[in-house]
Each structure stands twice: as C-alpha cells, then as structure tokens.
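Asks: Sequence:
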Amino acid sequence: LYAAAALRQAFSLSSAGSHAFPRQPLRFVSQRSAARSRSFMPPQASEATTIGSKRKMPVQIGTHDGSFHCDEALGCFLLQHTAAYENAEVVRTRDPDTLSQLDIVIDVGAVYAPETNRFDHHQRGFEEIFGHGFVTKLSSAGLVYKHFGREIVARALEFPADDARVERIYLKVYKSFIEAVDGIDNGVNAWESDKPARYVDNTGLSARVGKLNPAWNEESTPPVQLTQFHKGMALAGGEFMDAVKYYGLSWLPARQYVEEALDTAKAVHPSGEIIKLPCYCPWKEHLFELEEEKKVTPLPKYALFADEKGNWRIQAIPLTPASFENRKALPAAWRGERDAALDTVSGIEGCIFVHAAGFIGGNKTYEGALAMASKALELD
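Position 156, counted from 1, in the sequence shown is what this note's numbering calls 298; the numbers after and before it change by one each time, with no gaps.
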C-alpha cells in the first residue's frame, strides 16, 4: 500500500508541470509519534505530517473536566485572546497522558512551570503572587494574567505594546477584577476579621460562573459540561473585556481632569478643601492616587461637579475610594431635607436635596453648591 501511494504521488507530481510543488521525501508518521513530537513544540510550530503535504494541528488549551470555576473559565478565555492561542481548542480532561500532549495547561497537573506552559496552583508549596504590592495567592486566572496580561490588554485596546498606558491598565485590571477571582478561588478572606459577614453576596462573578455548572439532578455528561463551560468562559471573559475597555477608554482619560481640579483647589476655596471637577468623570481613585503622589495637605473634603441635568452636586469625599464613611459628611441638620425646607435650614438658595446619609447633596447652581460646601466645612 505504501509503495502504491508513493507511485501515485510521483505520477501526480510529474504530471503537474511547472506549477507542481517541489518534490519532498515521503514521510510516514504514526499518530502516536506525531502527537509525541508535537508536545515539545511551541504552538506556532505544532504540525503533523501527512503523505505529500503538511497540515498544522490545532493549538490546544488543557484544563480539568468535571465541575468548573471562574478562574479556569476566565483563564481559557484570556489565552484565546493572545496571538499564540487565539484559535485554540479547549480540552477538558484530567488524564496525564492527554495533558502532556497539549500546548498549554491551566488549573490542573500540579505544576507551575511557565517555561513549559504549565499553570496550576493547587500543588503543595505553591505561593505565587502577582507582585507590584499585591499579596493574594494566584489562581489559574491570575497566573495567566500575570504572564500574558500585558499583551491581552494591549490587543483589547489596540494600543502599542510599549505604550505606557498598557502597564497602568494592566495593574488596574488586576486590582479591580482579577485579584477577586484569585482570592475567592483560593479561599482568601476579603477582610481581616474572624467575625461573620454582615451580609452574603452571591451575585459576584465567581458565583455566577459557578451556577452555570449542571445541577445535581440535571444531565451532566461531558458534552453538557463542555457547553456550560463555554458559557462560563463567555460570561467571565465578557466582563473582563468590559473592565479593560472601561479602565482604558473611560477611567484612565479622566485622570487629567482630576489632576487639574486638585491643582486648582485653592482657586475654588482658600482652604484647598473643595475641588471643582471640570466635568463629571470617574474621579475617586484618581484623587486618592494623586493626593499621595503630590503629598497634598490638607486633604479635600468635598467635590463639586455638574450633573446630567445641569444642576450641581456636592459630594463628600470618602475615607477610601470604596468606603461609605466620609472625611467630612454634610451637616447633620441638612440631611434628609429638600427644596425650600433645605433652603431655610441651610440659609442658602437653590438647594435641591441632601441625602439622609450626608454623603451627597445638590443645588441648582454652581454658586449655590459652592456656598453649601463652604458652609459645611464650618459645621458638624
């Protein structure tokens, strides 16, 4: 049979004229030897040889089968958004022989070896962290992001790889998105306390991905699990991409406006404790970073900005970007009051409201909002 195949190939080549491909020696490679050789090649070079031609084998990402979690679902999505793995097939298995033949493996295998594209975090002694001041132990999502995140961010935003913005967004997305996935998968508490949580939040990304697993009384065959796993990848990956685009295209551009407001604070009020944003934008995190960089003192207490209706808001600046406590809340006597009643109690015209919690209020004009903030500095 092999001889017949060789004769047919030789005849076809001699009949093809000047457009025929250059003749090459016939090679007969067994499926087993092709797979074995392929496991030692980088994804771009992964090939299997057939009679008279070469055919690229599909690049494959490996992870475990059975119940899935957010970290490997997100990790597989992230890999598919790199140049090397963008068309990769996901193979779910725990079989060591199968895993050994795959181009990259995450969340299974008990090996963390970036040089051989193995990214598990379950093995004894694993303590890898992201660095850059972060101390949460990494999950498979964090491992993939640590090694491939800059490329993924640059490709998602269509920024040059060496653009300085890529590094800032790379770090911001880890802090604001990936680290929570790492912490939850590794069982790391989000707070330093042995007290029970005051409430339970089952609406986070990790919880929602977990709920895509087939229920105990539903069909749970490998094809069903794979279908659900792809849904988990799409869910986690879609939110990741939303986060990258938000931080790259909306959040980061706002920094210059917050810096302008901070630099001109004393022109708004002699104390420097009231800032006026030139437009509404994501400002809290930028403000805290800039205050630290510039060693600002005293710290601003209120931020003024126009809302979508042309009215003005006065917002108390929180103790931290995520805190519900403020550096100085609006006066207790104003809280919960509105309109004419608030005009009377504050002695300022044009008031619209002050929230019952004292963290935000409104006035019809900039001058009125500035008057409210100025008076609030003097009151409790």
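These are calculated hints, taken from the structure and not from any lab test. Check before you lean on any hint, since a few could be wrong.
SDA-like, lysine to any residue: derived pairs with alpha carbons at most 25 Å apart [said to hold, decoys possible]: (1) K437 to E450; (2) K506 to A475; (3) K426 to T462; (4) K437 to K373; (5) K470 to T439; (6) K279 to R236; (7) K387 to G346; (8) K314 to H289; (9) K517 to L394; (10) K426 to L519; (11) K408 to L391; (12) K426 to H289; (13) K373 to P200; (14) K387 to T439; (15) K426 to P412; (16) K279 to P302; (17) K314 to L394; (18) K314 to Y388; (19) K314 to A332; (20) K517 to G489; (21) K426 to A498; (22) K470 to R397; (23) K517 to F447; (24) K470 to I502; (25) K279 to F301; (26) K506 to T462; (27) K408 to K506; (28) K314 to R350; (29) K426 to E520.
Computed beta-carbon distance windows for the label pairs [claimed, not checked]: (30) E402 to A357: 22 to 32 Å; (31) N331 to A357: 57 to 67 Å; (32) L368 to P338: 31 to 41 Å.
Glycine included, every Cβ here is placed at the ideal spot set by N, Cα and C.
Asks: Are the hints correct? Go through all of them and say.
Replies: Evaluated hints:
no., hint, in the structure
1, K437 to E450, "violated (32 Å)"
2, K506 to A475, "holds (20 Å)"
3, K426 to T462, "holds (8 Å)"
4, K437 to K373, "violated (46 Å)"
5, K470 to T439, "holds (15 Å)"
6, K279 to R236, "holds (23 Å)"
7, K387 to G346, "holds (20 Å)"
8, K314 to H289, "holds (15 Å)"
9, K517 to L394, "violated (33 Å)"
10, K426 to L519, "holds (20 Å)"
11, K408 to L391, "violated (30 Å)"
12, K426 to H289, "violated (29 Å)"
13, K373 to P200, "holds (21 Å)"
14, K387 to T439, "violated (33 Å)"
15, K426 to P412, "holds (22 Å)"
16, K279 to P302, "violated (30 Å)"
17, K314 to L394, "holds (10 Å)"
18, K314 to Y388, "holds (11 Å)"
19, K314 to A332, "holds (18 Å)"
20, K517 to G489, "holds (10 Å)"
21, K426 to A498, "holds (21 Å)"
22, K470 to R397, "holds (23 Å)"
23, K517 to F447, "holds (17 Å)"
24, K470 to I502, "holds (11 Å)"
25, K279 to F301, "violated (29 Å)"
26, K506 to T462, "violated (28 Å)"
27, K408 to K506, "holds (23 Å)"
28, K314 to R350, "holds (23 Å)"
29, K426 to E520, "holds (23 Å)"
30, E402 to A357: 22 to 32 Å, "violated (53 Å)"
31, N331 to A357: 57 to 67 Å, "violated (28 Å)"
32, L368 to P338: 31 to 41 Å, "holds (37 Å)"
In summary, the structure is inconsistent with hints 1, 4, 9, 11, 12, 14, 16, 25, 26, 30, 31 from the numbered list given earlier, while agreeing with the others.
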